[in-house]
Amino acid sequence: MALTKDDLLNQARQCIKVIDADETEQLMVSGATILDVREPSEFDIGHLTSAVNIPRGLLEFMVGNNPALKNFDQSLVVYCKNGGRSTLAAATLQDMGFTQIRMLAGGFDNWTGTVHKVEIADNQYKG
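Residue numbering for the sequence shown follows this note's numbering, starting at -10 and increasing by one per position.
Hints are computed from structural coordinates only; laboratory data are not their basis. No experiment lies behind these values; they were computed from the predicted model shown. Some hints could be false.
With a Cα cut of at most 20 Å, we get these calculated EDC-like pairs of lysine to aspartate or glutamate [unchecked claim]:
#1 K106 to D9
#2 K59 to D33
#3 K106 to E12
#4 K59 to D11
#5 K(-6) to D33
#6 K6 to E108
#7 K(-6) to D9
#8 K106 to E14
#9 K6 to D98
#10 K6 to D(-5)
#11 K106 to E31
#12 K70 to D9
#13 K(-6) to D84
#14 K59 to D(-4)
#15 K70 to D11
#16 K59 to D98
#17 K106 to D(-5)
#18 K106 to E49
#19 K106 to D84
Quick list of the computed label-pair ranges, beta carbon to beta carbon [said to hold, decoys possible]:
#20 Q15 to T(-7): 28 to 36 Å
#21 L(-8) to D111: 27 to 35 Å
#22 D(-5) to P56: 17 to 25 Å
#23 D84 to D(-5): 32 to 40 Å
#24 T38 to M(-10): 30 to 38 Å
#25 M(-10) to A110: 41 to 49 Å
#26 D84 to A(-9): 18 to 26 Å
#27 D111 to D62: 17 to 25 Å
#28 P29 to P56: 35 to 43 Å
#29 A(-9) to Q15: 14 to 22 Å
#30 G86 to L(-3): 19 to 27 Å
Cβ atoms here follow ideal geometry from the backbone N, Cα and C, with glycine treated the same way.
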């Protein structure tokens, strides 16, 4: 039987650790690597401070080329827009050997700029 996207997401959720924005911020302060798996255009509009951007569709191909992702035992927080892509990305990274992966619940949509800091790319209008 073929699996649906919901089946795949449910399977992935069984093996990943999901954390909230406050826990994410604590990990950021302690030096965790933050991985944004949204598309570059989404990243440019706003992203978590010091996040590394590798789109979900290229993750398996690019993760080994990024110096921020060389240590398989480093603390790593993955996020996307609202949690779908990052759920699959976190499970994939675990399959690839990363051991300290967490996923930001609700993704960027749950990360509020008034409470948590957001960076915006220099090429974006900031009004």
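Hints and how they fare:
1. K106 to D9: It holds: about 15 Å lies between the C-alpha atoms, which stays within 20 Å.
2. K59 to D33: violated (24 Å)
3. K106 to E12: OK: K106 and E12 at ~14 Å, within 20 Å.
4. K59 to D11: violated (26 Å)
5. K(-6) to D33: Distance of about 27 Å is beyond 20 Å: violated.
6. K6 to E108: violated (25 Å)
7. K(-6) to D9: violated (23 Å)
8. K106 to E14: Answer holds: K106 to E14 is near 9 Å, not above 20 Å.
9. K6 to D98: Holds, at about 19 Å.
10. K6 to D(-5): Given pair K6, D(-5) holds - Cα atoms ~18 Å apart, limit 20 Å.
11. K106 to E31: holds (16 Å)
12. K70 to D9: Distance ~14 Å between K70 and D9 Cα, so the pair holds.
13. K(-6) to D84: holds (18 Å)
14. K59 to D(-4): violated (30 Å)
15. K70 to D11: Judged against 20 Å, a Cα distance of about 17 Å means the pair holds.
16. K59 to D98: Since the Cα atoms of K59 and D98 sit roughly 28 Å apart, the hinted pair is violated (cutoff 20 Å).
17. K106 to D(-5): Violated, at about 31 Å.
18. K106 to E49: Roughly 28 Å between the alpha carbons, so the hint for K106 and E49 is violated.
19. K106 to D84: violated (31 Å)
20. Q15 to T(-7): 28 to 36 Å: Given range 28 to 36 Å: holds, Cβ gap about 35 Å.
21. L(-8) to D111: 27 to 35 Å: Violated: the Cβ-Cβ distance is about 41 Å, outside 27 to 35 Å.
22. D(-5) to P56: 17 to 25 Å: Check failed, 35 Å falls outside 17 to 25 Å.
23. D84 to D(-5): 32 to 40 Å: violated (20 Å)
24. T38 to M(-10): 30 to 38 Å: Between T38 and M(-10), where Cβ atoms are some 43 Å apart, the hint is violated.
25. M(-10) to A110: 41 to 49 Å: Check passed, 43 Å falls within 41 to 49 Å.
26. D84 to A(-9): 18 to 26 Å: 20 Å Cβ-Cβ, so the 18 to 26 Å window holds.
27. D111 to D62: 17 to 25 Å: violated (33 Å)
28. P29 to P56: 35 to 43 Å: violated (18 Å)
29. A(-9) to Q15: 14 to 22 Å: violated (40 Å)
30. G86 to L(-3): 19 to 27 Å: Holds - the Cβ-Cβ distance for G86 and L(-3), about 20 Å, lies within 19 to 27 Å.
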